[in-house]
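Chemist: Here is what each chain is made of, one letter per residue.
There are 2 protein chains.
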Amino acid sequence: MAAEAGAEDRAAARPLLTDLYQATMALGYWRAGRARDAAEFELYFRRCPFGGAFALAAGLRDCLRFLRAFRLRDEDVRFLASVLPPDTDPAFFEHLRTLDCSGVTVQALPEGSLAFPGVSGPLLLVQLLETPLLCLVSYASLVATNAARLRLIAGPGKRLLEFGLRRAQGPDGGLTASTYSYLGGFDGSSNTLAGQLRGVPVAGTLAHSFVTSFSGSEVPPDPTLAPAAGAGPRVDLAAGAAAWLGRVCAHLGLRAQDPHPGERAAFVAYALAFPRAFQGLLDSYSVQRSGLPNFLAVALALGELGYRAVGVRLDSGDLLQQAREVRGVFRSAAARFQVPWLELLPIAVSNNVDEEELARLSQEGSEVDVIGIGTGLVTCPRQPSLGCVYKLVSVGGQARMKLTEDPEKQTLPGSKAAFRLLDSEGFLLLDMLQLAEEPPPQAERELKVWPLGARDPRTVRPARVEPLLRRWLSEGQLCEPLPSLAESRAFAQWSLSRLRPAHKRLQSPAPYQVALSEQLRALVDSLSAGGPV
Amino acid sequence: MAAEAGAEDRAAARPLLTDLYQATMALGYWRAGRARDAAEFELYFRRCPFGGAFALAAGLRDCLRFLRAFRLRDEDVRFLASVLPPDTDPAFFEHLRTLDCSGVTVQALPEGSLAFPGVSGPLLLVQLLETPLLCLVSYASLVATNAARLRLIAGPGKRLLEFGLRRAQGPDGGLTASTYSYLGGFDGSSNTLAGQLRGVPVAGTLAHSFVTSFSGSEVPPDPTLAPAAGAGPRVDLAAGAAAWLGRVCAHLGLRAQDPHPGERAAFVAYALAFPRAFQGLLDSYSVQRSGLPNFLAVALALGELGYRAVGVRLDSGDLLQQAREVRGVFRSAAARFQVPWLELLPIAVSNNVDEEELARLSQEGSEVDVIGIGTGLVTCPRQPSLGCVYKLVSVGGQARMKLTEDPEKQTLPGSKAAFRLLDSEGFLLLDMLQLAEEPPPQAERELKVWPLGARDPRTVRPARVEPLLRRWLSEGQLCEPLPSLAESRAFAQWSLSRLRPAHKRLQSPAPYQVALSEQLRALVDSLSAGGPV
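Quick note, the sequences are listed as chains U and A, same order. Using our numbering, you'd call the opening residue of the first sequence number 3 and step up by one each time. Using our numbering, you'd call the opening residue of the second sequence number 3 and step up by one each time.
Just so you know, the hints here were simulated from the structure itself, not pulled from any lab data. Just so you know, not all the hints are guaranteed correct.
For the chain U half of the interface with chain A, some residues (derived, Cβ under 8 Å), not all of them [claimed, not checked]:
#: 1; residue: Pro87
#: 2; residue: Leu177
#: 3; residue: Ser528
#: 4; residue: Ser530
Please read all numbers here as calculations on a predicted model, not as lab measurements. Each residue gets a CB set at the ideal place from its N, CA and C atoms; glycine is no exception.
Bound conformation, chain U alone (with noise of 0.2 Å):
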């Protein structure tokens, strides 16, 4: 909790992560007399990522402690000050000084919800927090979404591991990447900030670095190592392997000094210092002819102790063929050396896993069994950015709506209330958007909607009608907590589990729909036909 505070204090300290624009409309507003006007904002997203039918919304958590803390400092102010026009009147600036988010409040739907477009959480909320807010929830829900797109192709039984701080778009990029992948599915990440701050699960042995650094010539303080279960005396581990190792060679048919000793003693070295969770990095060398030999030899020295390897990682080549020898290596050493937990050592595989690499990865009788992902994941290679907006949909209680050529670009207005509609085997029949002010539909009733981008109504007849929409911030307070990070990957994966298998196809998906009600509808069609022209 302090460090999840210290997040929130960093957060906080950056209320300038802003298009400067916010600040000049608000002196555009604050002369005009409009500061204080109650508005009402929409934030969605217009169509859903990746060719998919789905998305995950994300970003809620980050997005309340930024309103939370949000307060412009005097540096802020001065620094405000300094870029707008010098005869600005003081008064401005003072009250930008008394701004906070205590006149906020914030419904949306809860993070790990199946969002579809149009139909995000809507956030009431002064112009000056659009960009921050933008922010913290398109990417966030674009790699939730992402790492939500990988677990459906990789079945629930692989470990997926995300790999992509070092390739993120910017240190908090990777912050947010491993939050969200494994609010999306993922079980763990490399990121150490991300689980100091936000309680991921962190993983990772070692890098190819840490094996080339040794040439074998090195001598530890201590190559011996105590048996597992405590009694008995230190053994040296380097020794045992050497001893392993010609046995391990014979059987695989190699010469004892193929391995590359170097290799070895890295493995030596890492097996010291992780009796328990040593995990061999196969490829610096060769994997048959070094990586292998080299893993089994310490590993089997180790096993003598009492201790079992966790498992080998393989991060060059085609990983699942190699994956399938190394398995069959193992097999056949297992029944050599009569080490039966040696055949089923898990297999981790890492460098640049797509969507197609890993669904090769995924197919049945692959040996895989970890498989880590991290450009492809974190950077969302195929679409790389979601195109969230912030609409205003209305202001001093009257519906606003944007009416430009580009109908794409059009908005729906007013202040609503959103619905998602099931059927009788409890699965999601669509959504519906309708004003605030209008009775929720009712469970087996049947009801005229409007699908968005259909010209005609459509009668549905829904089971079951569900909310949407939760109020998480009221006048500035929070109204219940936040769920843990690791509650919100659990509903996420019930929600993806309410989705018809139609709608989660990654290619060419059906469309799931969402609609207005006959009065929504109506209001937009009469403020099209009021419109300017």
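Using the hints, position chain A against chain U.
Modeler: Only chain A this time, still in chain U's reference frame:
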């Protein structure tokens, strides 16, 4: 500077922004008695991004800031202890508590330098710093290169603004993008924090929500404005604009009720706040029938008071075509109302501008003056990550090389020097890598070099030779002040001016050669031959 120090503190507060395996390897080195071995790593990338033949080196300022402030706090060490084996030697954690970069030396290309695969900045550093440095250099260089490409397309005359904060991958992603797209050749950013912390020129005026928030029935507390010259009575700007509206509509063949009254009220409100910086956003309703006449009415009313509007912005539709039409109206209105400055008003555009669209907007005869780019700049959709790597090349004075079966993943061993060779016209000829102990190449002397990827050597006779790497940090101390961001920006443009056009082509460019000295080549050969196979 105070603000900058605050940013420094924040960066420093995140030593755990690293992969967990850096910490597990640290324990492995410790257990092996090698924690203090002298080591040298090189940070570089393997391929130029976006299919181009160049990249700009960037991110050094963030790395140096991070390194100088690097220290593990108690809470960081406690977190690491919670994820490392419970029986870990407490002396290891004591060692972690003492770590800082007082023994670290950094040599690198100055920011804004052209960098080529294999020649980015070598960094001598402890393993633990790998991930944050990769994270800080990789995206900074990528976005700087992307900005440089966009600047090459636009030419020097267009004003290019970065508008991508809301689409950036996380908050720092946005700050990094704004900083380094300025370095790469953009003129400014909408990101206010980048102005505050990094001195990037910031720009921004108004959004559609400002326009649509006005219905036209609002009554500003004070609709009057004093003349620009100061002398003379205050004038009601709303009344002035209303008077001009009739004349403008008559000129354009519109009815006076066609333009949206709310949009005009918004323009008046903005002009009251920014009489010297009034910009109209034209496409909230209809450019031709509403935005343009409303803008002209307000701009002409302002003009009577001696103020000149600063331009207009278009944010949807065919931007090139609309700019042409808007310019046509400006010309005819300038003539009709005898306000010559109207003719040359800058036209700004934004809305999903990518390389192709930028080329269109920059073609001869284009009436577009200012171009805002968001997603296409900051998320680098063509290639959202630069595959930077950080490889051990020497430890304890001995060269190290990774001899994997994947040739692209091999490393170049040993502590190295790098030189840039120039031809007699001052253009870059090639970059040369050699061992640190070799004498530098001489100008006007023939030299045999081994281009990377080629089988045969090549003879060159450089007219000039420049050392590529500078020492920035020596034993933890800054060796020379870092150039300002604006200086690095100018340096980047100068660097690009020395690259032949064939290498600067954005599609199918001629690759720029990086070559090894005979001695380095011989070391590679001998280590390859002596490998484990």
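Chemist: Each hint needs a verdict: does it hold in this structure or not?
Modeler: Going down the list of hints, with the structure as the test:
1. Pro87: This hint holds: Pro87/U lies near chain A, its Cβ roughly 6 Å from the closest one there, short of 8 Å.
2. Leu177: holds, 7 Å
3. Ser528: Since the shortest Cβ distance to chain A is 15 Å, the answer is violated.
4. Ser530: Hint violated; Ser530/U Cβ to chain A Cβ min 11 Å, cut 8 Å.
The structure fails to meet hints 3 and 4 from the earlier list, while all remaining hints are met.
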